[in-house]
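A.B. asks: Can you make the complete structure from the sequences, with help from the hints?
Here are the chains, one letter per residue:
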Amino acid sequence: MLDKTQDTLVIDPVKMNIVNRIAADTVLAGDFLFKGGVLLQGTLQGVGEIAGRLVVWHDARLIGRFRILGDLYLLGQLGEATETEDDVDEGTEIECQGTAYVASSGVSTGTLIAAKLRMYDGAVLQGPFRTLRHGQSLPILHGD
Amino acid sequence: MQDREAIDRYFTEQVVGEPVVVEMGPSAGIRREPARGLRLHLLEAQAELLGHAARGLVSPLQGDAGLGQPVSTHALARARRRLLVLALVGILALWSALLWWLFERFAR
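Chain order of the listed sequences is A and B. Numbering-wise, this note's numbering comes out as the position in the first sequence, counting from 1, plus 3. Numbering-wise, this note's numbering comes out as the position in the second sequence, counting from 1, plus 3.
Worth flagging that the hints you see were computed from the coordinates, not collected in a lab. Mixed in with the good hints there might be a few duds.
On the chain B side, residues computed to face chain A include the following (Cβ under 8 angstroms) [what the hints assert, rightly or not]:
| hint | residue |
| --- | --- |
| 1 | Q5 |
| 2 | D6 |
| 3 | I10 |
| 4 | R12 |
| 5 | T15 |
| 6 | E16 |
| 7 | V18 |
| 8 | V19 |
| 9 | P22 |
| 10 | V25 |
| 11 | M27 |
| 12 | P29 |
| 13 | S30 |
| 14 | V74 |
Small disclaimer: the values here were computed from a predicted structure and weren't measured. Even for Gly, the Cβ is constructed at its ideal location relative to N, Cα and C.
C.D. replies: Listed below in C-alpha cells is the structure:
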C-alpha cells in the first residue's frame, strides 16, 4: 500500500525506453555506451554515456564519469562509500542533461551536474552539485 | 517475418521488467533550480498535475500519472476532486442557462 504523503514514481520500462538492465550483485567495469535507458541494480564503474534515462535502484552504485542524456532517478548511491561524512569521491562525476531526482534513500558522494535537481527529505548530497547551463548541454540530434 | 518492435518490447518486458511504482520521499520536496522562470515552471507543474488528474477522470488506469516524473498521489487526488466539483458546477450552470433560455423563448 502506497503512502499518500509520499511522491510516487511509475517506472514503465517499455514506455520510458529503459531497455538495459544491470542486475543486483552484478559488477561491470569499463567504458560504456548505452543506447536507451538503464535500470541499474548492481554496480557500474568506469566511464561512459547513457543515451536515455538512468534509474539507480536501492543498493545499486554508480562510480566513475558518466554522461546521462535523459533524467536520472537516484534511489541508491553515486560514488564510492567514504570514511567520513565530509569526504568526497573525486573520481565520480555524473553529468545529467535532464532532471536529477534524488529520492530519500539516495546518496551522492561524487560530483553531480544536472540541468535541474529535485531532491527529497532524507536524500544526501555529500559531494558538490552544479547546475548544467544550456550552453553546456550537448545538442541531441533526432534522425528519422 | 518477425516484428522487431514486438521482439524488443518482449525482451524489455521480460528482462527489465513490468512497470513498478516506487516511493521517492515526502511530497514536500526541495527544489533547487535556476531562479529565472521558477514561477513559470511551478505553474507548468500545476498545469501538468491538472492534466494528469483530468486524464485520470476518464481512464480507470489513472492515465500516465507519475510516469517518469514523480507526483504526489495526495495532490493528484485533490486535483481530481477539484476538477470533478468544477465540472459539476459547470454542468449545473449550463443546465440553468439552458432552462432560462427556454423559459424566455417560449413563455411569451
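A.B. asks: For each hint, tell me whether it holds in the structure or not.
C.D. replies: Hints versus structure:
1. Among the interface hints, the one on Q5/B is violated; its C-beta lies about 17 angstroms from the nearest C-beta in chain A, farther than the 8 angstroms criterion.
2. Here the hint on D6/B is broken, as its CB sits about 14 angstroms from the closest CB of chain A, past 8 angstroms.
3. Interface restraint check: I10/B against chain A, minimum CB-CB distance 12 angstroms, threshold 8 angstroms, status violated.
4. Residue-level restraint check for R12/B holds (minimum Cβ-Cβ distance to chain A is 6 angstroms; threshold 8 angstroms).
5. For T15/B, the suggested interface contact is upheld, since its CB lies about 5 angstroms from the closest CB of chain A, less than 8 angstroms.
6. Evaluation of the E16/B hint against chain A yields a held restraint, the C-beta minimum of about 6 angstroms falling below 8 angstroms.
7. Hint on V18/B holds. Least Cβ distance to chain A is approximately 6 angstroms, under the 8 angstroms limit.
8. Interface restraint check: V19/B against chain A, minimum CB-CB distance 4 angstroms, threshold 8 angstroms, status holds.
9. For P22/B, the shortest C-beta to C-beta distance to chain A is roughly 4 angstroms, which falls under 8 angstroms, so the interface hint holds.
10. Look at V25/B: its Cβ gets to within about 5 angstroms of chain A, closer than 8 angstroms, so that hint holds up.
11. Interface restraint check: M27/B against chain A, minimum CB-CB distance 4 angstroms, threshold 8 angstroms, status holds.
12. A least Cβ separation of about 5 angstroms between P29/B and chain A falls short of the 8 angstroms threshold, and the interface hint therefore holds.
13. The beta carbon of S30/B is positioned within 8 angstroms of a beta carbon in chain A (closest approach about 5 angstroms), and the interface hint is therefore held.
14. The criterion of a C-beta within 8 angstroms of any C-beta in chain A is met by V74/B, whose closest approach is roughly 6 angstroms, and the hint holds.
Hints 1, 2 and 3, counting from the list given before, are not met by this structure.
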